[in-house]
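A.B. asks: Listed here are the chains, written in short residue letters.
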Amino acid sequence: MGPLRVFLVENHEDTVKYMRLYLEHLGHEVIVAGDMATALADFPRSNCEVLISDIGLPDGDGWQLMERMKSRRPTFAIAMSGYGTGEDLHRSRSAGYNRHLVKPFPPDELIAVLREASAVIDTQGENRSASSSCVESLIGAQSREGKSKSS
Amino acid sequence: MKESEETDTHSFESMRSEASSDKICSLMQEIGLPGFRVVPGTLEVAAFNGLFADLVASSGVRDHRRWFIEGVLPLMTRSQKANWTSAVASSEPVDARLDFTRLDGSKTEFQMRSVRSTWNDADKRSILCVFVPCSAASFETEYNLGFAEGQEMERSRIRNELHRSVSQKLLGVAFGCKLLAEKIERVNKDLSKEASNLARLLNTSVVDLQNLTRLEHD
Numbered sequence: 229m230g231p232l233r234v235f236l237v238e239n240h241e242d243t244v245k246y247m248r249l250y251l252e253h254l255g256h257e258v259i260v261a262g263d264m265a266t267a268l269a270d271f272p273r274s275n276c277e278v279l280i281s282d283i284g285l286p287d288g289d290g291w292q293l294m295e296r297m298k299s300r301r302p303t304f305a306i307a308m309s310g311y312g313t314g315e316d317l318h319r320s321r322s323a324g325y326n327r328h329l330v331k332p333f334p335p336d337e338l339i340a341v342l343r344e345a346s347a348v349i350d351t352q353g354e355n356r357s358a359s360s361s362c363v364e365s366l367i368g369a370q371s372r373e374g375k376s377k378s379s
Numbered sequence: 007m008k009e010s011e012e013t014d015t016h017s018f019e020s021m022r023s024e025a026s027s028d029k030i031c032s033l034m035q036e037i038g039l040p041g042f043r044v045v046p047g048t049l050e051v052a053a054f055n056g057l058f059a060d061l062v063a064s065s066g067v068r069d070h071r072r073w074f075i076e077g078v079l080p081l082m083t084r085s086q087k088a089n090w091t092s093a094v095a096s097s098e099p100v101d102a103r104l105d106f107t108r109l110d111g112s113k114t115e116f117q118m119r120s121v122r123s124t125w126n127d128a129d130k131r132s133i134l135c136v137f138v139p140c141s142a143a144s145f146e147t148e149y150n151l152g153f154a155e156g157q158e159m160e161r162s163r164i165r166n167e168l169h170r171s172v173s174q175k176l177l178g179v180a181f182g183c184k185l186l187a188e189k190i191e192r193v194n195k196d197l198s199k200e201a202s203n204l205a206r207l208l209n210t211s212v213v214d215l216q217n218l219t220r221l222e223h224d
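Sequence order for the protein chains is P and X. Each position in the first sequence, counted from 1, maps to that position plus 228 in this note's numbering. Each position in the second sequence, counted from 1, maps to that position plus 6 in this note's numbering.
No lab work stands behind these hints, which were simulated from the structure alone. Some hints could be false.
Okay, derived cross-link-like pairs now, DSS-like style, lysine-lysine, Cα gap no bigger than 27 Å in a straight line [said to hold, decoys possible]:
| hint | chain 1 | residue 1 | chain 2 | residue 2 |
| --- | --- | --- | --- | --- |
| 1 | P | K245 | X | K87 |
| 2 | X | K113 | P | K245 |
| 3 | X | K175 | P | K245 |
| 4 | X | K195 | P | K245 |
Facing chain X, a subset of chain P residues (Cβ under 7 Å, in silico) [as the list claims (entries may be wrong)]:
| hint | residue |
| --- | --- |
| 5 | Y246 |
| 6 | Y250 |
| 7 | Q292 |
| 8 | E295 |
| 9 | S299 |
| 10 | R301 |
| 11 | T303 |
| 12 | G310 |
| 13 | P332 |
| 14 | P335 |
| 15 | I339 |
| 16 | A340 |
Cβ atoms here follow ideal geometry from the backbone N, Cα and C, with glycine treated the same way.
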C-alpha cells in the first residue's frame, strides 16, 4: 500500500493524537479537523483521497458532514462510531461512507480498510489516466484531421 | 332502619372524602395501591384511601375504625399477628401476606407492607400500611414491564458510558501501543516482542469490548 492523504475528523484528543502518530509512522499524510465546520472548510483544499470521520461530532455528525460535502466528497470514506446497529451501518452507507468501523476497533482493522481504500484509489487513478489518454488521442486525431483538411 | 342505612352510607362517603385529603394515602391511591395509616398502640385507622375503602366495602364492614380489627387482623395467622403487632409497636417495617375474599368469591393475595410514616411531623407516630397485590396478573405485568424498562435504562446508561469514555480511550491506547511496538522493533527485537504481545492483548480486549457492546445493541 502506497502512502495516502488522510483527512481525520475526530474530537477526542487522545484518539486523534495516537491515530495520527500511527498513520504517519506508516507513511501516510494526516490532516486533522476537530469538528464538522473545520472539516467542511479545510477538506476541499486538502487534496485528501481518504476521509476518516467520527459519527459523533461536537457540531453535528459524520452523516451530515458527508451530505454537506456534496460534489467535493473523498474517493474513499470511513465512518467511526461507538454504535454499530444495522440502522447505523445503513445510515453510513446511505450517507456515502464505504466502511463503518465500530469503536473501539484494533489498529489492524483500520489498516485493512486503508489497503482497500488504496486499491480503490489506484483503480480510479488507472481509469482516469486511461480515459485521459483516450481523450488525448482523440484530440490528437482531430487535430491531425484538421491539418490534413486545411492542407 | 332505612334512615339508619342512609346515615351509614352518608357517613361512609364523608369518610372516603376525608380519607382522600390525607396526602400520603392519596399518593398511594394514585399509584393504584390500597393504603391506610394506623396509630401504633391503639391500632386505630387514622386515614385511608378510596381503594382501601373499596376493600372495606367488599368485606361488608363500613366502619373504618373497626375495619382493621375485623377485616384485616382475622386474616393473619397467630404468629403473623404477633410479629406485625410487635414490629408496629416499635415502628419497625414489617410485611404480612393476606388473602382477601372478593364479593365474587375469588381470592386475591396481598402483601401488606407497613412502614413508619415520615410524611410530616404530625404523621411520625403513624404507621403507613400499603397493600401490594402479589398474585394479580395486572400487577405482575406492570411489575415485569417496569423491571424491563429499568433494565433497558441501565443497559442504555452502560452503553453510552462505554462509548463516551471507555471505548474512546481504548481506541487511543490501542493505536499508541501498536505504534510503540513497531518503534521498539527497530531498537530491540526482544523488547519489541514483549510490546507486540502487550498490543495483541490490548487488541483482544478491544475486540471483546466491541463484541460486548454489539451484543448490547442487537
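A.B. asks: Checking each numbered hint in turn, tell me which of them this model violates, lowest number first.
C.D. replies: 1, 2, 7, 8, 9, 10, 11, 15 and 16
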